[in-house]
Amino acid sequence: MTPAWFIQSLLNGLSIGSVYAVFALGYTLVFSILGIINFAHGAVFTLGAYLTYALAVGSFGLNGLLAGVSLPFTLPFFPALLLGGFLAGLAGMAVERLAFRPLRRRGADALLALVSSLGVALILVNLIQYLAGAEIYAFPADVFGGLPPAVIFRVAGKPVAVRTAQIILFAVSLIMLAGLMWAISRTRAGKALRAVAENTDTAALLGINVNLFILGTFFLSGVLGGMAGTLIGTSYGISGPYFGVAYGLKGLAVIVLGGLGSIPGAVLGGLVIGLGEAFLPADMSSWKEAVPFVLLFAVLLIRPQGLLGERMEQKV
Amino acid sequence: MDVFFSSYGFLLAMVVQQALLGLSVYYPLLAGQLSLASIGFYSLGGYVAAIMGTHPALAALRESLGFWMFPLEWLCALVLSIILGLAVGLPVLRLRGIYLALATIAFAQVVNVTVLNMPIAGGAVGIFAIPQAFDSRLAYLFFFGPLLVLALAVAFRLERIGPGRVILSIREDELAAAAMGVPTTYYKVLPFVWGCALAGVTGAMSAPFLNTWNARQGTFDASVACLAYVLIGGARSPWGPVFGAALLVSLPEVLRPLRDSRMILNGVVLVLACVYLPRGIVGAFSSLSRRMRGVKEAAS
Amino acid sequence: MSAILSAEKITRSFGGLLALSDVSLEVGEGELVGLIGPNGAGKTTFFNVLTGLTRPDAGQVRLCGQDITGLRPDRIAALGLARTFQNIRLFGNMSLLDNVLVAGQVHARCGLMAGLVGLPSGRREERTARTRAIELLSLVGLADHALAPAGSLSYGDRRRLEIARALALGPKVLLLDEPAAGMNPAEKQGLAEFILGIKKAFGLAVLLIEHHVPLVMGICDRVAVLDFGQLLAVGRPEDIRKDRAVISAYLGGTA
Numbered sequence: 001m002t003p004a005w006f007i008q009s010l011l012n013g014l015s016i017g018s019v020y021a022v023f024a025l026g027y028t029l030v031f032s033i034l035g036i037i038n039f040a041h042g043a044v045f046t047l048g049a050y051l052t053y054a055l056a057v058g059s060f061g062l063n064g065l066l067a068g069v070s071l072p073f074t075l076p077f078f079p080a081l082l083l084g085g086f087l088a089g090l091a092g093m094a095v096e097r098l099a100f101r102p103l104r105r106r107g108a109d110a111l112l113a114l115v116s117s118l119g120v121a122l123i124l125v126n127l128i129q130y131l132a133g134a135e136i137y138a139f140p141a142d143v144f145g146g147l148p149p150a151v152i153f154r155v156a157g158k159p160v161a162v163r164t165a166q167i168i169l170f171a172v173s174l175i176m177l178a179g180l181m182w183a184i185s186r187t188r189a190g191k192a193l194r195a196v197a198e199n200t201d202t203a204a205l206l207g208i209n210v211n212l213f214i215l216g217t218f219f220l221s222g223v224l225g226g227m228a229g230t231l232i233g234t235s236y237g238i239s240g241p242y243f244g245v246a247y248g249l250k251g252l253a254v255i256v257l258g259g260l261g262s263i264p265g266a267v268l269g270g271l272v273i274g275l276g277e278a279f280l281p282a283d284m285s286s287w288k289e290a291v292p293f294v295l296l297f298a299v300l301l302i303r304p305q306g307l308l309g310e311r312m313e314q315k316v
Numbered sequence: 001m002d003v004f005f006s007s008y009g010f011l012l013a014m015v016v017q018q019a020l021l022g023l024s025v026y027y028p029l030l031a032g033q034l035s036l037a038s039i040g041f042y043s044l045g046g047y048v049a050a051i052m053g054t055h056p057a058l059a060a061l062r063e064s065l066g067f068w069m070f071p072l073e074w075l076c077a078l079v080l081s082i083i084l085g086l087a088v089g090l091p092v093l094r095l096r097g098i099y100l101a102l103a104t105i106a107f108a109q110v111v112n113v114t115v116l117n118m119p120i121a122g123g124a125v126g127i128f129a130i131p132q133a134f135d136s137r138l139a140y141l142f143f144f145g146p147l148l149v150l151a152l153a154v155a156f157r158l159e160r161i162g163p164g165r166v167i168l169s170i171r172e173d174e175l176a177a178a179a180m181g182v183p184t185t186y187y188k189v190l191p192f193v194w195g196c197a198l199a200g201v202t203g204a205m206s207a208p209f210l211n212t213w214n215a216r217q218g219t220f221d222a223s224v225a226c227l228a229y230v231l232i233g234g235a236r237s238p239w240g241p242v243f244g245a246a247l248l249v250s251l252p253e254v255l256r257p258l259r260d261s262r263m264i265l266n267g268v269v270l271v272l273a274c275v276y277l278p279r280g281i282v283g284a285f286s287s288l289s290r291r292m293r294g295v296k297e298a299a300s
Numbered sequence: 001m002s003a004i005l006s007a008e009k010i011t012r013s014f015g016g017l018l019a020l021s022d023v024s025l026e027v028g029e030g031e032l033v034g035l036i037g038p039n040g041a042g043k044t045t046f047f048n049v050l051t052g053l054t055r056p057d058a059g060q061v062r063l064c065g066q067d068i069t070g071l072r073p074d075r076i077a078a079l080g081l082a083r084t085f086q087n088i089r090l091f092g093n094m095s096l097l098d099n100v101l102v103a104g105q106v107h108a109r110c111g112l113m114a115g116l117v118g119l120p121s122g123r124r125e126e127r128t129a130r131t132r133a134i135e136l137l138s139l140v141g142l143a144d145h146a147l148a149p150a151g152s153l154s155y156g157d158r159r160r161l162e163i164a165r166a167l168a169l170g171p172k173v174l175l176l177d178e179p180a181a182g183m184n185p186a187e188k189q190g191l192a193e194f195i196l197g198i199k200k201a202f203g204l205a206v207l208l209i210e211h212h213v214p215l216v217m218g219i220c221d222r223v224a225v226l227d228f229g230q231l232l233a234v235g236r237p238e239d240i241r242k243d244r245a246v247i248s249a250y251l252g253g254t255a
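Protein chains in written order, with my numbering: chain S, 1 to 316; chain X, 1 to 300; chain L, 1 to 255.
Simulated from the structure, these hints should not be mistaken for laboratory data. Predicted, not measured: the structure shown is a model, and the values here were computed from it. From the three backbone atoms N, C-alpha and C, an ideal C-beta is built for every residue, glycine too. Keep in mind that the hints are not guaranteed to be accurate.
Said to hold, decoys possible - Each pair of labels, with its calculated beta carbon distance range:
| id | chain 1 | residue 1 | chain 2 | residue 2 | range |
| --- | --- | --- | --- | --- | --- |
| 1 | S | 108 | L | 196 | 54 to 60 Å |
| 2 | S | 288 | X | 221 | 18 to 24 Å |
| 3 | S | 150 | X | 86 | 46 to 52 Å |
| 4 | S | 198 | X | 221 | 33 to 39 Å |
| 5 | S | 66 | X | 216 | 24 to 30 Å |
| 6 | X | 150 | S | 209 | 52 to 58 Å |
| 7 | S | 288 | X | 57 | 39 to 45 Å |
| 8 | S | 83 | X | 253 | 49 to 55 Å |
With the sequences and hints as input, model every part of the structure.
Right under this line is the structure:
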C-alpha cells in the first residue's frame, strides 16, 4: 500500500462516490415523499446517458431503428448534459404518471408500485434498445473540447493520474449536491417538500397541491438520475440499454447504507460505497460488484436504520 | 397434437418451472415478507446440479447411480438451500417492509458475484453440456409437475391448519400476532426457508432442463419476474403464481411476431395489470364470479 | 392478597420525554384494577411495557412471581398475559373464527407436519380448537358471523371480538385498553357487566384503561391514576375520589 496508491484510490473513490450520491438522491427524494422505491430510476439513468450522447454526438449507432439518423445539430458537452438531464426529468414525470399515480388513486398495495415501476423501466429500456440498438456507446475522447484527457502528478515518486472525466464527475456532482441541499433547506418549495414528506394529508390541508409536488419531485429525481447516468457514461462508456440495472441496484445499496429517506445519508452512503470499491485491493477486483451489497448486508445486520437514518419506533 | 407438443412443449415446461419460482416468492408473502432471494437460491441449486452433473471427479458416482443422480442433485440443492436460507433468513427477517426486500436483492447479487468468482462454476461462461434427463423438453414435466403439485398442496393445506393461520396473521398485523402469543420470527423464517428450498430444488431440476447454467440465471430481472408472477396472478391464492407465470411466460411467445418491440409490450402489460388487476388475475376472477352469482340471485 | 401481576419501578423515556417514571403497581388474583389518567399520561406505554412490546429503561415486571421483563411479547402472552389494543388491531382479512384460532394456537401440541399430512391427532386438535373458538365467539355474541371477515364488523363488535381473541390465549391476566371508547352509555353499561362476567367465569385478573370515570369507579376494586408518567395514587375508588392530587390533576371539576 504505497502513498500514491492511497491517494489514487481516494480520488477515484470520491469521484465515483459523489455520482453515486447524486443518483441515489433521486431514490431518496421519491422515497421520502411516497415511502416507495422507484424501480424505474435505473432506467431513467440510462435514458439520461443516451439522451446526452445523442445531443452531444448527434448520431445513434448502427443497430437500432435510428441507425444512420443524425441530428441536424450537436451541442457542446455541458449544454447537452443539462438538456439531457432536463429530458430525463420529463421521463421521471412520465414514470410518476404511468406507474405511481394510477395506483395511488386506487389505494393499491404498495408492492404493486414496485412491479408497475419495473414495468415502466422495462418499457424505457426496451424502447432504448429498439431505437438505439444494444451496442456499446462511448463518448468521443474530445467530448470535453480542448481539455487534456488526464492530469498526472507524483506522490512520493509514484505517478497518480486523475482523468478529466473524473474531475468533471466530481465537480458537477458537488455542484448538484450543494444546490439541492440549499434548495431543500432554504427555498419555499423545499420547505413545502419537507412538509409533504412529513405528512401528505396535513400538507394537503395546508393548501399544498400534493400531486403537483409529487410530480415535481419525480422531475427532480429524473434530473438527478439522468445526469448521473451521463456522468458515469462519459467516464466509463454506456454499456448498452441495460447499463442502468447494475447502477440502479447499487443506488439501492447506497440509500439503505445511509438510511432510507435521509438526504445526508444518501451522500454519505454514496461516498462510502465509492471509496469501498476504490480501496478494494487489485487482486480482488473481480469482487468489486459485491462491495455495495456486502456493505448493505452488514449495515442491515448491525444498524438496520442505516448510518444516518432515524430509528423508527413502532406505534401501538 | 404432436406438432403442438414439439413446438410448445418447452413453453409448457417453462410455465410450470416459472410457476414454481413464483410460488417460492408466494410462501414468504403469506407472512407478509417480500423476499427477492428466491432467484439466488434458484441459481445456486442450478449450479449444484450442473457441477454434480458434469464434474469429472464425480464420473464414477454418476456411472453407478444412473438416473438416480438427479434426485441426489435435488437433495443436495435442498440441503444447501435450507442451511443457507436459515443463515440468511434468521438475521434478515428481523427487518420490516422494504428493508427485507432490499436485503434479499443484495443477497442475490452477492451470490451472483460469488459464483462468477468460483472456478468450479465456470466463470462468466458457466457450465454447459449438462447431461439431460429426458430426450424432450416436455418430459421435464415429470420433474417439475410433481413438485408443483406438492407446492400447491402445501399452500392450500396451510390455509386450513393452525400454523398456516398463524403465518397469515403476521401478514395482517405482526405486532398484534406477537401479542397473541405467535412467535413471529419462527413463523416468518418457516415460509421463507420453504420458499428458498423450493427455489433451490427448482434450480437443480432446471440445470439439465436448460442444458447450460451461468450467472445470467440469477439476474435481478429474473427475480422481478418471479415477483410479477405472484402479483399479476394474485397474491392471495396459490393459483395466483401459476396463472401469473402462464401469462407472463407465454406473452413473449404470443408477441413474437412483433419481434423487437415485444419486450416493450411486455412492460405495458405489467403496468396495465398493476393498474387494472390490483388483486391479480385470481382476484379479478373471484370478484367477477361473486358478481355473477349476485346477478343470478337477484334474478331468481 | 397475592399479586399475580406486579410492576416495580418501571421507567421508560422516548427521546428525552419521560413516558413512565418509577411506576409500581400490583394486580391481585381475581382483582379488577382501573388505570385512569389524561391523554398522554403513559397508560398505553405502561401496557406495552407489561406485554413486552416496549422495553423498560429500568424496573421489573413479574407474572405469578416470574420475572418477565425483557421477554419476547409472544412468550409473555403464552405465559398468560393477554391484551386488547386502544386502536383495535384485528386480523382484518381473516374470519372471526380464524382471529380467535390464531390466539388459541399457543395451546397447540401438534406440529406443522402433523397438520400438513393430516394426521388424526392434528385433526382432533383442530376440532377441539374450533369448538373452543366458537364457544368464545358465542360468549361475546358473535358466533353467527364466525366466517365473516373481521374487517366487516361494526366498531363495537370489533372490540368484543378483540376480547374474545384475547381470552383464547387462556390468560391469567387480561389487559383492556379503552374497551369502551366510542360506545354510548347503554353499551358502556353492557360492557361493564360483560367485563365483570368474564372476570368471574374465567377467574381472571383484569387491568383496565378507561377514560370514562364513572365506569371505572363503578366496577373496579382499585383504581390507579397516572399523570405525566407518574403514578399519582392507587386505592379504592372512594378514596381516589377524595384524593387531592388526583382531583387537581385529573378529575378537576367533575369530582
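A quick look at each hint next to the structure:
1. Separated by about 45 Å at the C-beta atoms, residue 108 of chain S and residue 196 of chain L break the suggested range of 54 to 60 Å.
2. One distance hint, 18 to 24 Å for the beta-carbon pair residue 288 of chain S and residue 221 of chain X, holds here, with the actual separation near 21 Å.
3. Checked against the hint of 46 to 52 Å, the C-beta distance between residue 150 of chain S and residue 86 of chain X comes to roughly 50 Å, which is consistent with it.
4. About 35 Å separates the C-beta atoms of residue 198 of chain S and residue 221 of chain X, a value consistent with the hinted range of 33 to 39 Å.
5. Evaluation of the 24 to 30 Å hint for residue 66 of chain S and residue 216 of chain X yields a pass: the beta carbon distance comes to about 27 Å.
6. A hinted range of 52 to 58 Å holds for the C-beta pair residue 150 of chain X and residue 209 of chain S, which are about 53 Å apart.
7. Checked against the hint of 39 to 45 Å, the pair residue 288 of chain S and residue 57 of chain X fails, with Cβ atoms roughly 31 Å apart.
8. Hint check: residue 83 of chain S to residue 253 of chain X, Cβ distance near 40 Å, so the stated range 49 to 55 Å is violated.
Checked against the numbered hints listed earlier, the structure breaks hints 1, 7, 8; every other hint is satisfied.
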